[in-house]
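Build out the structure end to end from the sequences listed, making use of the hints.
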Amino acid sequence: MSRIDHSQLQGNILRGYRFGLVRHMLLEVTDRATVRAFLGVAAQGGGAEVPAITVDQPPDKTWPRDQKPASCFNIGLTFAGLRALGVAPGDLATFPTEFREGMAARATKLGDFGESAPRAWSQPFNRPEQIHLVASIHADSTAELDKVDTQVSRAFAVRGRLDGYALAQDKVYFGYTDSISQPKFSHVKDEVEPIDPYGTVLLGEPTRQEGLKFGVPTPQVLGHHGTFNAFRVLRQHVTAFEQYLDRAATELLNHPDSALVLPLDAQFSDGEKPLDRHGMLREVVAAQMCGRWRNGVPYGSSPDTMPDPASVPLTEYDYGRGSRCPVGSHMRRTNPRGGAIVQRIANYTRRLVRRGMSYGPIHTEGDSEPEVGLLGNFIGASLGAQFEAVMCDWLNLGLQDPDITGANDPLIGANSSETSWFDVTLRNGGTIRLRGFPRFVSTRGGVYTFLPSMPAIRYLARLKG
Amino acid sequence: MQRKAGWLDKFVDDLPSQGWFQFLSRHLVVPYWIWRDPKPVLPGGPRPSVQPSESVQRMMNLIMPLKDPSPIGRARAALAISQNVDEIFAGLDNVGTVHNARFLLLDGNICMLSVYDGDFSNYIRDFIATIGSVFDAVMKEVEGGDAMVPTTEHIEEFIDWVCAHDLFQAPDIATDLFNLQDAAKGIAPGSLPHDLRLLPRELILQLHSNPNISLGGGYRAYPGYSAAQVRQKFGVGW
Amino acid sequence: MGEQHRNLARKLVTALQRKDGDRKRRPVHTFGTGASGHFIPSPVAAGFCDAEHFRSPTPATIRFSNGSGSAVRRDGWSDVRGMATRFHLSDNKATDLIGMTLPVFFTPDGESFLKFAIEARPRPCQRATPWQKFRDMLRLTPPVPDPYDGETISPDAGAIAFAHQHDYARAGVFQAATIGAPQSYARAAYHAVHSFVATGADGTQRWVRFSWQPVSGVLTTDPEKDPVIDDYLQAELARRLRNGPALFSLMMQVGEVGDDFNDPTRAWPPHRVRIMMGTLYVEKMLDDVTTEKLSFNPHLLTRGIAPSDDPVLWVRKSAYEVSSGRRRGTPCPFHGER
Ligand code: HEM
Ligand code: HEM
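Chains as they are written, first to last, in our numbering: chain D, 1 to 465; chain X, 1 to 238; chain W, 1 to 338.
Any given hint might turn out to be false.
Not the full set, but computed from the structure, chain W residues with beta-carbon under 8 Å of chain D [as the list claims (entries may be wrong)]:
#1 Thr204
#2 Gly255
#3 Glu256
If you are wondering where the hints come from, they were derived from the structure by calculation, not from laboratory data. Here a beta-carbon is modelled for each residue, glycine too, at the ideal position from N, C-alpha and C.
As structure tokens, then:
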């Protein structure tokens with residue numbers, strides 16, 4: 001029996017809702033009293049004019065197994081938002097520095113420069129001081145989204161809306177199946193990966209690093225069992241990505257060591273039609289860049305063919321010494337699992353809960369292709385120790401292994417075609433270095449938010465002055 | 001035609017070497033400008049950078065004032081280090097990103113100087129996770145340190161504290177000082193005009209706010225390589 | 001594009017010509033000293049740049065110069081110095097590497113350099129009055145240095161005013177203003193400033209920057225002391241070479257993600273990966289007539305090394321050709337090219 005009272009947690013932290021649609025509303029508090037009243041009702045089961053904040057598990061445990069609500073509603077607050085709601089300066093000061101500064105101020109650490117720099121972010125992210133809350137609505141129909149939207153709009157000044165949707169089969173643009181790996185908090189049948197302590201996402205609980213506790217902001221009721229979220233709008237340059245796969249496949253096709261990349265008699269299909277060798281090599285490059293074949297199968301478990309995902313364990317594996325999954329792949333960078341890393345004490349300590357949906361296409365004049373991408377939420381009890389730590393030392397820079405230090409994540413890293421490189425692994429333990437690929441994912445905006453517990457929301461609603 | 005130098009020119013040219021004028025500058029002119037144009041304290045440590053070579057072999061110059069700067073207090077601080085050599089070495093081996101690290105007693109301070117790879121917060125956090133107990137012993141001897149013991153439970157505060165006690169690193173390109181000063185005031189770099197001739201004054205005033213600084217990012221014989229890369233190249237494992 | 005460049009180049013060369021210059025000489029870097037020698041690549045050089053001179057020892061011609069365009073030689077005055085090197089490759093081919101003692105340029109492109117050249121055109125300069133100096137001291141600003149004996153016009157005030165308005169010019173102007181005079185041409189470091197694209201033996205391309213580091217070390221004259229003579233650098237070099245060659249190490253910085261490869265106003269910090277590419281042995285003096293006829297061009301490159309898209313580098317291609325033509329130098333390598 002865990003000590004966690006799931007009825008007091010927002011529902012989007014420990015689980016994914018698996019709705020088809022999402023709307024993130026970027027809100028400014030222009031009238032404190034109205035917002036407090038709104039939050040008060042929302043945190044007490046909602047009312048006629050106010051949506052209920054969805055909790056992890058209602059006290060009577062009727063949901064989710066018996067009846068899924070028509071929509072789910074959750075909130076995150078930025079630092080400016082906490083201040084706007086009247087949190088006392090002394091308490092505000094107990095929030096961690098990175099959250100207080102906000103995502104835009106941390107741009108360099110996050111690789112947000114050039115076209116990804118906050119200066120170039122789209123509305124309203126270029127005015128971060130106006131974003132106080134991010135309200136997220138999940139539902140299966142636009143009508144349901146709109147219903148909640150209308151209610152929310154009455155209490156806040158709406159500075160922006162971002163609509164997302166789940167692509168079929170949990171795909172992301174680029175064609176990969178996503179949402180497979182997540183931290184595991186309760187007993188799940190997995191002999192390979194350790195269980196993640198609740199402190200990974202809940203403030204006040206023990207963390208994975210022995211003895212280390214993240215500071216809980218005061219007052220206790222506000223900070224306890226809260227968590228932080230890095231909300232990112234990530235544009236995916238699909239054409240550039242697919243074109244690069246073509247180029248890299250051609251290079252590998254003509255490479256003297258081509259047979260070491262993929263056996264010459266390899267034969268597999270993309271799930272529908274059989275692929276020619278060039279087509280298969282494209283998939284190998286895509287798989288090595290990510291760490292999974294685009295159909296979700298871990299590349300290391302099956303480097304020579306892309307099997308049916310139903311036939312292989314998707315999360316129970318590790319990166320041993322001989323693993324063909326490149327240390328530079330997106331998955332190994334963001335979660336090295338038990339594999340050897342330079343920071344020996346850091347395995348499994350920088351875990352992230354990920355909730356994402358795709359967005360787009362957005363047509364902008366002068367843009368070479370419609371914008372599509374990912375609305376990503378990267379959740380953890382410490383932005384500094386988890387999200388930022390992954391971003392600046394592992395995902396970019398590649399400090400965790402001397403073989404990749406100096407190179408950035410091939411799939412989503414801050415690359416430039418003049419300097420990028422990525423080592424494709426070979427069957428004999430060697431590598432072929434690919435170069436010259438551009439940045440495939442650029443940042444269009446984002447904010448750091450605090451996801452308060454239910455008692456914390458009620459506390460905010462009760463603030464005076 | 002050039003104007004010839006008269007006695008007054010010579011007199012003025014000579015002023016900076018005159019004791020009375022130096023006295024005047026130090027006690028009147030400089031304080032006046034400090035009052036007129038105060039500079040925010042610039043943050044310590046290397047600045048984040050997207051270039052890999054700026055993100056490896058970074059310097060920490062951590063200056064921690066002792067509560068008791070007498071020989072007794074200094075000896076206690078010295079013991080806190082020397083009795084924990086095992087802990088420190090094991091910790092640094094497993095943090096994995098440190099090129100070298102040493103402690104100094106300098107006047108009333110205990111100083112930690114190190115060269116490490118990667119992000120500053122990650123370095124400190126990993127360090128505390130492994131050898132927090134040693135740092136607890138050190139922090140007990142340091143001014144304002146008690147509030148952060150045990151460091152494992154005050155990790156964010158401790159990181160901020162270390163950042164504040166790590167020396168500001170003057171830019172490698174002198175004129176970048178303008179941008180750093182602007183940034184500290186929340187002004188976008190490059191958006192204000194600056195008179196180059198005022199750079200020396202900006203430096204004087206900055207040195208009032210940050211009396212101890214590190215001059216530039218320093219020389220490296222093999223820049224751009226991490227500790228693990230060097231160890232790998234030598235074949236000694238990482 | 002080509003004709004546009006040439007138009008701008010003509011305007012630039014004209015703008016650079018000083019009132020007190022000599023039209024039969026170079027409009028900038030007017031006084032030079034020539035020498036010959038050879039370059040020995042380091043064992044790792046070819047791996048990073050497959051150009052011929054990084055594969056095997058190569059004879060070289062060098063022209064050291066004072067940056068000023070005045071027709072009076074003033075070795076002792078504070079000034080940027082130049083070092084233009086021509087590597088003589090096989091089949092009568094050659095490649096140039098042109099460096100100066102400033103690590104950065106003043107402006108990011110040709111158009112802005114034209115503005116700079118006009119605003120920083122040498123203007124009459126005067127010793128600051130005692131009152132101006134006193135006021136500066138009270139402002140904690142070092143007074144404007146007195147003009148040298150015989151100095152009547154100077155570009156400094158215009159350059160500083162330009163940098164006041166244009167932040168990209170700050171680093172260059174600041175360093176130019178405080179650069180001083182070297183004890184010897186062999187005791188200064190010279191930077192080729194622009195990024196070039198070097199192709200290694202395995203075909204890998206890298207965006208790189210080159211610097212010559214004097215093996216005998218960098219040494220400037222004492223700025224507190226007035227220069228004694230106007231012409232010492234040539235004699236010094238001749239004396240030095242009689243005792244043996246003067247050596248320079250060629251260091252190559254490798255650019256990284258986030259670096260602007262096309263902006264010569266931004267130096268790369270000294271922490272980029274740095275490759276030791278080889279050693280230049282400056283051996284014999286050249287006679288002045290041969291030296292002053294030489295026409296270098298930063299675009300005279302060879303297989304293995306290519307220009308970046310730096311617009312300043314591109315406009316220099318035409319500017320050096322135009323200038324060489326006007327002064328009737330040995331025809332520029334790009335003479336007549338359309
Ligand atoms: C548009 C941008 C991104 C795309 C297209 C993308 C794609 C993927 C894909 C396809 C997977 C494998 C599916 C799975 O295991 O669930 C994955 C896993 C993962 N990604 Fe991303 N990702 C993106 C951004 C990020 C960012 C910004 C981070 C955080 C710093 C991140 C962290 C992770 C983590 C932690 C995993 C799981 C690794 C594991 O546990 O083994 N991703 N990503
Ligand atoms: C738009 C920018 C520039 C223009 C218009 C320009 C123009 C010129 C001209 C017209 C000459 C005389 C050429 C001749 O008559 O042969 C010259 C010489 C020279 N310039 Fe530049 N220059 C520019 C940038 C630079 C830069 C960035 C450097 C440093 C790397 C540089 C270093 C030199 C040197 C060393 C010489 C003397 C070459 C010799 O010894 O023959 N210049 N420049």
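### Query
Which numbered hints are broken by the structure, listed smallest first?
Of the numbered hints given earlier, the structure breaks none, since each of them holds.
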